[in-house]
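Which chain is which? The protein sequence lines are G, R, S and V, in order.
Start counting the first sequence at 1; every next residue gets the next number (full-length UniProt numbering).
Start counting the second sequence at 1; every next residue gets the next number (full-length UniProt numbering).
Start counting the third sequence at 1; every next residue gets the next number (full-length UniProt numbering).
Start counting the fourth sequence at 1; every next residue gets the next number (full-length UniProt numbering).
Treat the hints with caution; some may be incorrect.
In silico lysine-lysine, DSBU-like type, Cα no more than 35 Å apart, as pairs [claimed, not checked]:
#: 1; chain 1: S; residue 1: K78; chain 2: R; residue 2: K72
#: 2; chain 1: R; residue 1: K78; chain 2: S; residue 2: K78
#: 3; chain 1: V; residue 1: K72; chain 2: G; residue 2: K78
#: 4; chain 1: G; residue 1: K78; chain 2: V; residue 2: K78
By construction, these hints were calculated from the structure, which means they are not laboratory data.
There are 4 protein chains.
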Amino acid sequence: MSQPPPRYGAPISLATAGRVMRAAQAEAERLQWPMVIAIVDSGGHLVMLHKLDQAQYGSIPVAQAKAETAVKFRRPTKAFEDAVAAGGLGLRLLGIDGLLPLDGGLPLIVGGELIGAIGVSGMQAVQDAQIAQAGADGLLEHDA
Amino acid sequence: MSQPPPRYGAPISLATAGRVMRAAQAEAERLQWPMVIAIVDSGGHLVMLHKLDQAQYGSIPVAQAKAETAVKFRRPTKAFEDAVAAGGLGLRLLGIDGLLPLDGGLPLIVGGELIGAIGVSGMQAVQDAQIAQAGADGLLEHDA
Amino acid sequence: MSQPPPRYGAPISLATAGRVMRAAQAEAERLQWPMVIAIVDSGGHLVMLHKLDQAQYGSIPVAQAKAETAVKFRRPTKAFEDAVAAGGLGLRLLGIDGLLPLDGGLPLIVGGELIGAIGVSGMQAVQDAQIAQAGADGLLEHDA
Amino acid sequence: MSQPPPRYGAPISLATAGRVMRAAQAEAERLQWPMVIAIVDSGGHLVMLHKLDQAQYGSIPVAQAKAETAVKFRRPTKAFEDAVAAGGLGLRLLGIDGLLPLDGGLPLIVGGELIGAIGVSGMQAVQDAQIAQAGADGLLEHDA
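With the rest of the complex left out, here is chain G (with noise of 0.2 Å):
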């Protein structure tokens, strides 16, 4: 890391999550990609999750890891997935319990300080990713 990651903050709140969701839901539901988007708090706990309908079962564990993997570690989880597929050195990352290399994981952050994650599975990673980079986008807008 060539800068120093965020500093934990306060966990964030019922309505900055729901704002973060909101986002998040409506860019999945705008493509019907089927998915489960899960918020978690700076301290790792979850705050909010909700299932699409026809979202696979086994994306709502995989959601949440990618959120907690993004607190708990302070980076996105393209990070540890970038790493894995390099191979070499990168696959001893396959050997941590509770780090999920994949991607679709993103820290939530506001002045700097780490407040949450959001993570959504359901799709390829990638698409997973541009759902939960829309929710990470919800952070900034005012609500109406």
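Chain G is fixed; fit chains R, S and V onto it per the hints.
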């Protein structure tokens, strides 16, 4: 049980779960009770979870376990709480993994079929049950 | 609960945890009680653990579980011990995974906010609680 | 291994673990690296754990797993990291539960006998290993 349990039906939709959640959450917010509210489908899989601000962390798995218990055994969790409280033979229920004998879990039944369950945790069990009932009542309401 | 539980606050710092640990450890050493002493933060994550010489191995997860229970449910674990001991309805608590109903776990509260918890195991539960209380009292002392 | 592994000896004492911890912690604080430092005894049981402020939560079990791996298999965890990085046959190590192939775990050996291990996590693995080595070097120092 003198009457047959409800048949398992199709899994609750996100829209219906949302209606149940809004009804339960509105009651919890009206009373300023910091609750965790979980809704599972007819397969016992988590469809929606909201943790209200300042709800205790320990209530996250408890709310889920109440909902899962209600759908696994097709009855309100209070039935098991009563059995345990009666002692004697009822204590054997404590030996069943994945059965949580705590009031606050209710099956969600539509047209005689079980489509899911709601579980609530965060206050005393009788208060949890009040919020769960408010959620179940939301099943009957039409969306505005 | 007749009064509202403490709010979750920022996680306990290593320096503060060290003060709590020193106070608890000094009391255990004075009494020559072979204890395991664990301190978790407001998110339930382990911040500090010391196992005194000749403490039983089995007490390592027990001390942690007491501390985790105290922070997860924001109250001394004795509240749950008492409820179970009273029998009847209280026995339902035995069905909650991750809730340890054993005296010896105490929330650590500063300025009305819960910053973590201490859990002690190694002797009889009442003795464990004595050491936990000594640790909690250390919160108030100034470093020399 | 061309030479026999160290024999298992008596478990590390709290006093010795404290000396190792102080040496590791001093090096981490000097470098301002937010680490989790764990020390286990010759039976693999946790004797001491300190989480420095702002260390990532995910490092708590990782530091423990590194120390446990080093004592379970009586060698530095870097040996397993190298094997995994080499690929081919070395990848089979990823199938062993409870073996973490990440640099940063070192056996603690006194008089040819293994008395415990130290595991460090929080930065890049090579940095973790630097702190672990500082801790191991503390074994040889006399208390002031």
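We went through each hint and held it up to the structure:
1. S:K78 - R:K72: Satisfied, since the Cα-Cα distance of roughly 32 Å is no more than 35 Å.
2. R:K78 - S:K78: holds (25 Å)
3. V:K72 - G:K78: holds (32 Å)
4. G:K78 - V:K78: Distance ~25 Å between G:K78 and V:K78 Cα, so the pair holds.
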